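S.K.: Just so you know, the sequence shown maps onto residues 40 to 374 in the working numbering.
It is worth saying that the hints were derived from the structure and are not from the lab.
Predicted, not measured: the structure shown is a model, and the values here were computed from it.
Watch out, some of these pointers could steer you wrong.
List time: in silico DSBU-like cross-link candidates among lysine-lysine, alpha-carbon distance up to 35 Å [as the list claims (entries may be wrong)]:
1. K358 / K64
2. K284 / K374
3. K132 / K47
4. K220 / K47
5. K169 / K51
6. K132 / K220
7. K72 / K284
8. K358 / K284
9. K169 / K154
10. K173 / K64
11. K51 / K284
12. K169 / K220
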Amino acid sequence: MQYTVLGKTGLKISRMGFGGIPIQKIDAEGTKKLMLSLLDAGINYIDTARGYTVSEEYLGFALEGIRQHFVLATKSMSRDRDAMARDIDISLKNLRTDYIDLYQVHNPGLADLEKVCAPGGALEALLEAKNAGKIGHIGVTVHTLDVFEAALELPWVETIMFPYNIVETQGEALIRRCRDKNIGFICMKPLAGGAIDDATLALRFVMQNPDVTVVIPGMAEEVELAQNIAAVSDASPLTPGELEKIQAIRDSLGTQFCRRCNYCAPCTVGIPISGVFMMEGYLSRYGLEDWARARYDGFAKTASDCIGCGVCETRCPYKLPIREMLQRAVKTFGK
40 MQYTVLGKTG LKISRMGFGG IPIQKIDAEG TKKLMLSLLD AGINYIDTAR
90 GYTVSEEYLG FALEGIRQHF VLATKSMSRD RDAMARDIDI SLKNLRTDYI
140 DLYQVHNPGL ADLEKVCAPG GALEALLEAK NAGKIGHIGV TVHTLDVFEA
190 ALELPWVETI MFPYNIVETQ GEALIRRCRD KNIGFICMKP LAGGAIDDAT
240 LALRFVMQNP DVTVVIPGMA EEVELAQNIA AVSDASPLTP GELEKIQAIR
290 DSLGTQFCRR CNYCAPCTVG IPISGVFMME GYLSRYGLED WARARYDGFA
340 KTASDCIGCG VCETRCPYKL PIREMLQRAV KTFGK
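Assemble the whole structure, with the sequences as input and the hints as a guide.
M.R.: The following block contains the structure:
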């Protein structure tokens, strides 16, 4: 396993970390097995969030007795001082630790970022927690270029997390600025939220960029862990064949696709929006028509139930035209 330093935090971390979203699908015991495998493999960076339902709690259980071997990062959507202070204490309790290495402001917009930094904002609680020894370092996770650029100018920001993958390279110039400013860059969504099926190729692409400090693919199974370790351990240049596959993926996905972050949820009428787009992808990109149609037909609400309210679009960090995309799904599936 390759190691690096997470920017100005000074933390020595593995270049591949562990994304804690998928463990919501398993259980605490399964998470413990994964953590022991991470330890054996030399992976020491773990990412989770207050918003990932049981992820913090599962990790807290799984890390008992081995916590000292890991750099632990979590994050909160809170924007004001009191709410952030509460979330930090909840995270500490869930993770069964008295110290969190990196605490991040989770997915703020520009207005949110101003609120975080204003008097009574979340930054006050973060700095107080840092002074009290509850957290070690402060970062921010972002989904849009304007917020990324703004975060680069904030003196308290030690790390920035942003999507970077085969089809989302729009942040490369800002990622390079992270390196120039000694801000740790954390690559999220290396598989574009699951839209890229070839995990090995996706991770090899990311690892070719020296400006990426750490990549954090989500994992819930031992086979995924083994596959990802093999991918990041291969430092050889991308082959002509791999470059052709990368271009084919770009041609297939374009830029307007669902990353399955589920920030759009809940739908006003109960449509599983990301599920609809996932089944559409299985049908159109992977040729699994019968399988995709059967699962789509099993949804209690389908794309045709959309009332066009647009609430989902106000929440989407990628500014996707979700209502138009749902109408295309109606044409694909017939309902």
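S.K.: Given the proposed pairing of K169 with K154, does the C-alpha separation stay at or below 35 Å?
M.R.: Given that 35 Å is the threshold and the Cα spacing comes to 19 Å, the pair holds.
S.K.: Quick one, are K169 and K51 close enough, alpha carbons at most 35 Å?
M.R.: holds, 19 Å
S.K.: Quickly compare the C-alpha distance for K284 and K374 to 35 Å and report which way the hint goes.
M.R.: holds, 33 Å
S.K.: Under the criterion that the straight-line Cα-Cα distance not exceed 35 Å, is the pair K173, K64 satisfied?
M.R.: holds, 29 Å
S.K.: Would you mind confirming whether the straight-line C-alpha gap from K169 to K220 stays at or under 35 Å?
M.R.: Measuring from Cα to Cα gives roughly 21 Å; hence the hint holds.
S.K.: Hey, K51 versus K284, does the alpha-carbon distance stay inside 35 Å?
M.R.: With a Cα-Cα distance of about 33 Å, the restraint between K51 and K284 holds, given a limit of 35 Å.
S.K.: Sort out whether K64 lies within 35 Å of K358, counting only the CA atoms.
M.R.: At roughly 27 Å apart (the allowed maximum being 35 Å), K64 and K358 satisfy the hint.
S.K.: Has the given pair, K358 with K284, been kept, meaning a C-alpha gap of at most 35 Å?
M.R.: With a Cα-Cα distance of about 27 Å, the restraint between K358 and K284 holds, given a limit of 35 Å.
S.K.: Taking 35 Å as the top limit, are the C-alpha atoms of K220 and K47 close enough?
M.R.: holds, 9 Å
S.K.: For the pair we were handed, K132 and K220, check the Cα-Cα distance against 35 Å.
M.R.: OK: K132 and K220 at ~33 Å, within 35 Å.
S.K.: With a cut-off of 35 Å on the C-alpha distance, tell me whether K72 and K284 pass.
M.R.: Between K72 and K284 the Cα gap is close to 34 Å, so the pair holds against 35 Å.
S.K.: Under the criterion that the straight-line Cα-Cα distance not exceed 35 Å, is the pair K132, K47 satisfied?
M.R.: holds, 27 Å
The earlier numbered hints are all upheld by this structure, with none contradicted.
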